[in-house]
Amino acid sequence: MPQFAALIYEAPRPTPDAPDFAAYMQGYMDFGERAGTAVVGGAALLGPETATTLEVRGGADGDLVQTDGPYAETKEFLGGFYLLEAEDLDGAVALARHIPAASDGGRVEVRPLMPM
Amino acid sequence: MHESIERLVQAERGRVVATLRRLTGDLDSAEDAVSDAIVEALEQWPRRGIPERPAAWLTTVARRRALDRVRRESSRGDRERVAQLAATLAEEPDPLPWSTIRDDQLRLVFTCCHPALNPDARVALALRTICGLTTSEIARAFLAPDATVGQRISRAKAKIAATRIPYRVPTDAELPQRLPAVLAVVDVVLTTGHHAPVGDDLVRVDLLATATWLARLLVELLPDEAECAGLLALCLSTAARAPTRIGPDGDPILLAEADRSRWDADATAEAVALLERSLRRGTPGPFQVRAAISCLHSLAPDVESTDWPQVVELYRMLDGMTPTVAVRVNRAVAEAQLHGAPAGLAVLEAISERPEAQSWHLYHAVRAELLRRSGETSGAADALATAHGLATNPSDRRLLDERLRALGTEA
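Same order as they appear, the protein sequences are chains A and B. Note that our numbering has the first sequence beginning at 1, numbered continuously upward. Note that our numbering has the second sequence beginning at 1, numbered continuously upward.
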């Protein structure tokens with residue numbers, strides 16, 4: 001079965017001590033339950049404040065430049081991803097539309113995995 | 001003879017591609033096989049005569065050529081694909097029943113108009129694969145370079161293949177979400193034909209005909225969808241008035257000054273009949289409302305006897321459904337006709353902050369006309385100058401020039 005990555009772009013995420021954190025977590029648990037075995041992998045990432053962006057200038061052996069922060073500085077940040085199994089794009093979209101970020105002000109980007 | 005055969009083949013092309021796409025599993029193989037069949041048709045039909053069922057003939061030949069091609073390519077190993085296609089072809093009835101042909105075409109329509117594709121690419125892909133227009137014909141229609149259109153089409157095809165955009169008809173539950181994208185593609189073709197944004201011809205009769213052809217196909221494929229009927233009625237009624245939209249000098253003629261005896265009464269009658277039937281379903285939508293407005297204009301013997309209260313009512317309804325700047329500007333014209341220029345200006349005032357209004361020449365042109373009628377000549381001149389700076393079609397600019405001159409003599 002073809003696999004798709006659903007990249008989760010979150011609008012600011014509640015911190016663990018925020019009152020809406022439980023509801024936020026519950027949304028993702030509900031998604032996991034709904035998608036069931038269609039979820040074949042994925043990961044949640046720590047926030048963009050923990051990100052380091054790096055670039056090697058002047059070829060592969062060149063100088064390593066590290067920058068604090070995510071590659072693209074936008075309101076939404078890559079918060080994690082799911083690997084989903086689906087027949088086709090419509091199937092993947094039908095699942096991914098239930099990822100909380102899609103309806104709480106963030107975005108979800110769906111992409112097919114490169115066949116290996 | 002040869003020319004009529006080419007036209008016939010072009011008309012049938014989309015239908016045959018649709019079936020071949022289902023059989024071969026990808027659009028490129030389908031188009032290659034159909035092109036092979038068309039070459040044979042153009043060679044054989046002039047000598048032997050046109051077969052009784054041209055589409056069935058083309059389908060049969062294209063199926064054989066598709067198998068030939070897979071066999072040739074699979075000398076490098078992919079026997080499974082050959083066996084699979086051969087088995088599928090053996091199971092297919094020949095000729096195909098109408099229900100299969102219809103579903104194949106619907107699948108193609110919904111694939112080409114899939115919301116995951118770029119809107120410009122949807123239009124190009126639909127015109128190419130469903131209507132059989134060539135890449136350069138599409139490029140000429142939208143005044144885009146051939147390479148751009150070719151790239152749009154090939155990128156869209158690549159995305160369809162890579163992301164597995166499915167080749168199927170949406171379920172009844174999905175249809176309300178998916179149909180608007182299909183209707184929007186036809187709407188772009190219609191709107192571009194009715195008022196070309198650039199180029200020497202303000203009205204593109206060929207595009208109006210293509211839009212009507214596509215809308216007719218949708219009505220045939222989805223006879224229960226009231227908005228498809230509404231769209232066809234809109235196409236017919238718009239095309240009915242096309243002959244008087246431009247004068248012999250290529251300049252636009254206003255609705256008020258058109259020679260209404262030259263409007264196509266048969267097309268209007270068909271539009272009205274379609275609309276009456278679709279409105280009885282009780283599922284109104286923007287295309288039915290736009291068609292109703294268009295028909296009211298087409299039916300009126302002159303501007304004064306147009307049913308303006310009804311037109312205004314319909315524009316208010318449309319504004320509630322699709323509150324776009326274009327709808328607002330048209331509504332302003334109708335309100336001004338019924339209640340006077342200040343009423344129209346008030347409608348425009350409500351959208352004056354919207355950037356789509358500020359950057360659209362027609363917003364300023366209409367505002368200028370309403371200011372002129374209210375006696376605010378200097379405001380009208382400013383608005384006309386802004387409109388002139390924004391208009392991209394030479395005919396539009398000439399018309400605005402004329403109005404500026406007329407305003408000068410008035411002042």
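Hints were generated in silico from the structure; no laboratory data involved. Warning: the hint list may mix true and false statements.
Not close to chain A: a few residues of chain B, all C-beta gaps over 12 angstroms, as computed [claimed, not checked]:
| hint | residue |
| --- | --- |
| 1 | R53 |
| 2 | A55 |
| 3 | D68 |
Quick list of simulated restraints, FRET-style, between CB atoms [to be verified]:
| hint | chain 1 | residue 1 | chain 2 | residue 2 | range |
| --- | --- | --- | --- | --- | --- |
| 4 | A | S103 | B | V82 | 43 to 51 angstroms |
| 5 | A | T50 | B | E220 | 52 to 60 angstroms |
| 6 | A | Q26 | B | E270 | 52 to 60 angstroms |
| 7 | A | A51 | B | S99 | 50 to 58 angstroms |
| 8 | A | Q66 | B | E356 | 53 to 61 angstroms |
| 9 | A | T15 | B | S378 | 54 to 62 angstroms |
| 10 | B | D172 | A | V40 | 45 to 53 angstroms |
| 11 | B | D78 | A | Q3 | 49 to 57 angstroms |
| 12 | B | R155 | A | V40 | 53 to 61 angstroms |
| 13 | A | T74 | B | G379 | 37 to 45 angstroms |
| 14 | B | D78 | A | T15 | 52 to 60 angstroms |
Where is the CB? At the ideal position from N, CA and C, for every residue including glycine.
Evaluation of the provided hints:
1. Here R53/B stays apart from chain A, with its beta-carbon at least about 33 angstroms from theirs, past the 12 angstroms limit.
2. The beta carbon of A55/B is kept farther than 12 angstroms from every beta carbon of chain A, the shortest such distance being approximately 28 angstroms.
3. Interface exclusion of D68/B from chain A stands, the closest Cβ pair being 27 angstroms apart, more than 12 angstroms.
4. A hinted range of 43 to 51 angstroms holds for the C-beta pair S103/A and V82/B, which are about 46 angstroms apart.
5. For T50/A and E220/B, the hinted distance range of 52 to 60 angstroms is satisfied, since their beta carbons lie about 58 angstroms from each other.
6. For Q26/A and E270/B, the hinted distance range of 52 to 60 angstroms is satisfied, since their beta carbons lie about 56 angstroms from each other.
7. A51/A and S99/B have their C-beta atoms about 55 angstroms apart, which keeps the hinted 50 to 58 angstroms range intact.
8. Between Q66/A and E356/B, the C-beta spacing of about 43 angstroms breaks the proposed range 53 to 61 angstroms.
9. For the pair T15/A and S378/B, the supplied restraint of 54 to 62 angstroms holds, since their beta-carbon distance comes to about 59 angstroms.
10. Between D172/B and V40/A the beta carbon distance is about 30 angstroms. The supplied range of 45 to 53 angstroms is therefore violated.
11. A C-beta distance of roughly 22 angstroms is found between D78/B and Q3/A, which places it outside the suggested range of 49 to 57 angstroms.
12. The supplied range of 53 to 61 angstroms is broken by R155/B and V40/A, whose beta-carbon atoms lie about 29 angstroms from each other.
13. At about 42 angstroms, the beta-carbon gap between T74/A and G379/B stays in the expected band of 37 to 45 angstroms.
14. The hinted window of 52 to 60 angstroms between D78/B and T15/A holds, with their beta carbons roughly 54 angstroms apart.
Comparing the model with each numbered hint stated earlier shows that hints 8, 10, 11 and 12 do not hold.
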